[in-house]
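Those sequence lines, one after another, are chains A and B. 1 is the number of the first residue of the first sequence in this note's numbering; add one for each residue after it. 1001 is the number of the first residue of the second sequence in this note's numbering; add one for each residue after it.
These aren't lab readings, by the way, just hints derived from the structure by calculation. Note that the Cβ used here is the ideal one computed from N, Cα and C, for glycine as well. Just to be clear, a hint being listed does not mean it is correct.
[Said to hold, decoys possible] Derived, one-sided and incomplete: chain B residues facing chain A with beta-carbon distance under 10 Å:
1) 1012
2) 1013
3) 1016
4) 1033
5) 1037
6) 1040
7) 1044
8) 1048
9) 1051
10) 1096
11) 1126
[To be verified] Pair ranges (Cβ atoms, derived):
12) A:50 with B:1033: 29 to 35 Å
13) B:1107 with A:5: 27 to 33 Å
14) B:1110 with A:53: 32 to 38 Å
15) B:1063 with A:59: 44 to 50 Å
16) A:1 with B:1071: 39 to 45 Å
17) B:1107 with A:26: 47 to 53 Å
18) A:68 with B:1003: 29 to 35 Å
19) A:59 with B:1021: 41 to 47 Å
[Said to hold, decoys possible] A partial selection of chain B residues facing chain A, derived with a Cβ cut-off under 8 Å:
20) 1015
21) 1029
22) 1041
23) 1045
24) 1097
25) 1101
26) 1104
27) 1105
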Amino acid sequence: MELHGEFDIASAGDASRALQELLSRDLDALIIDLSGLAFMDSTGVKFLVEGRETALARGVKLSLVHGGDPVERVLTVSGVAALFEDVDIRRSE
Amino acid sequence: MTTAHWSFEATAEAPGRARRAIGEFAAAAGATARALDSIALCVSEAMTNGVVHAYRNDDRPASLEMAAEHDGESLWVRIRDHGHGLVPRLDSPGLGLGLPLISQISASSEILSPQHGGTEIAMRFVLHEQEEAV
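From just these sequences and the hints, can you work out the full model?
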């Protein structure tokens, strides 16, 4: 799942529905690519936390491709980055 | 002191519009890339707070006011709604992270309850903010 542009309250609903739909399929793993995001606020944090909860419940391995500084910063300051230490975090090229 | 004022309809698009407006104002004031990131995140959180909490029981058109000023060193932003004040809601689109993020990212911040109602979030940023050394 690739995310582009700015993630805020205007895009959170569509993104969450798309993620939940993907996680309802018979998947073994899902990668969320944050590298195309220019901005993300706490609505994106909630999106990732909810996605992680659903993935864990359904046995889907969730991985992140890291985003740029603004995205990393909100994940770090919110303390949510630590929640993803148990998943396979890849670095984008 | 340079000042500016904006008014936004309290819709889901308001945070993005406010980010672009304050970004232009802060860039013209000489804000660093790090400061621009800080300002964008905090303004987005404050505006989202207003959109989500301020008017949810009202059908009337609502507005969010944003005022900014800078002195070349600091930039102050005030975001005000005219709603019912901050009250908890179980269906919040966030995780309750908005105000803590503002507190962490801005140089200083406070939440005010103006006499005539609503909520005002006042924030200060350092225009020459640099990334913290690792």
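Status of each hint after checking the structure:
no.: 1; hint: 1012; in the structure: holds, 4 Å
no.: 2; hint: 1013; in the structure: holds, 5 Å
no.: 3; hint: 1016; in the structure: holds, 6 Å
no.: 4; hint: 1033; in the structure: holds, 8 Å
no.: 5; hint: 1037; in the structure: holds, 5 Å
no.: 6; hint: 1040; in the structure: holds, 6 Å
no.: 7; hint: 1044; in the structure: holds, 4 Å
no.: 8; hint: 1048; in the structure: holds, 5 Å
no.: 9; hint: 1051; in the structure: holds, 6 Å
no.: 10; hint: 1096; in the structure: holds, 9 Å
no.: 11; hint: 1126; in the structure: violated, 16 Å
no.: 12; hint: A:50 with B:1033: 29 to 35 Å; in the structure: holds, 30 Å
no.: 13; hint: B:1107 with A:5: 27 to 33 Å; in the structure: holds, 28 Å
no.: 14; hint: B:1110 with A:53: 32 to 38 Å; in the structure: holds, 33 Å
no.: 15; hint: B:1063 with A:59: 44 to 50 Å; in the structure: holds, 47 Å
no.: 16; hint: A:1 with B:1071: 39 to 45 Å; in the structure: holds, 44 Å
no.: 17; hint: B:1107 with A:26: 47 to 53 Å; in the structure: holds, 49 Å
no.: 18; hint: A:68 with B:1003: 29 to 35 Å; in the structure: holds, 31 Å
no.: 19; hint: A:59 with B:1021: 41 to 47 Å; in the structure: holds, 45 Å
no.: 20; hint: 1015; in the structure: holds, 5 Å
no.: 21; hint: 1029; in the structure: violated, 19 Å
no.: 22; hint: 1041; in the structure: holds, 6 Å
no.: 23; hint: 1045; in the structure: holds, 6 Å
no.: 24; hint: 1097; in the structure: holds, 4 Å
no.: 25; hint: 1101; in the structure: holds, 6 Å
no.: 26; hint: 1104; in the structure: holds, 5 Å
no.: 27; hint: 1105; in the structure: holds, 6 Å
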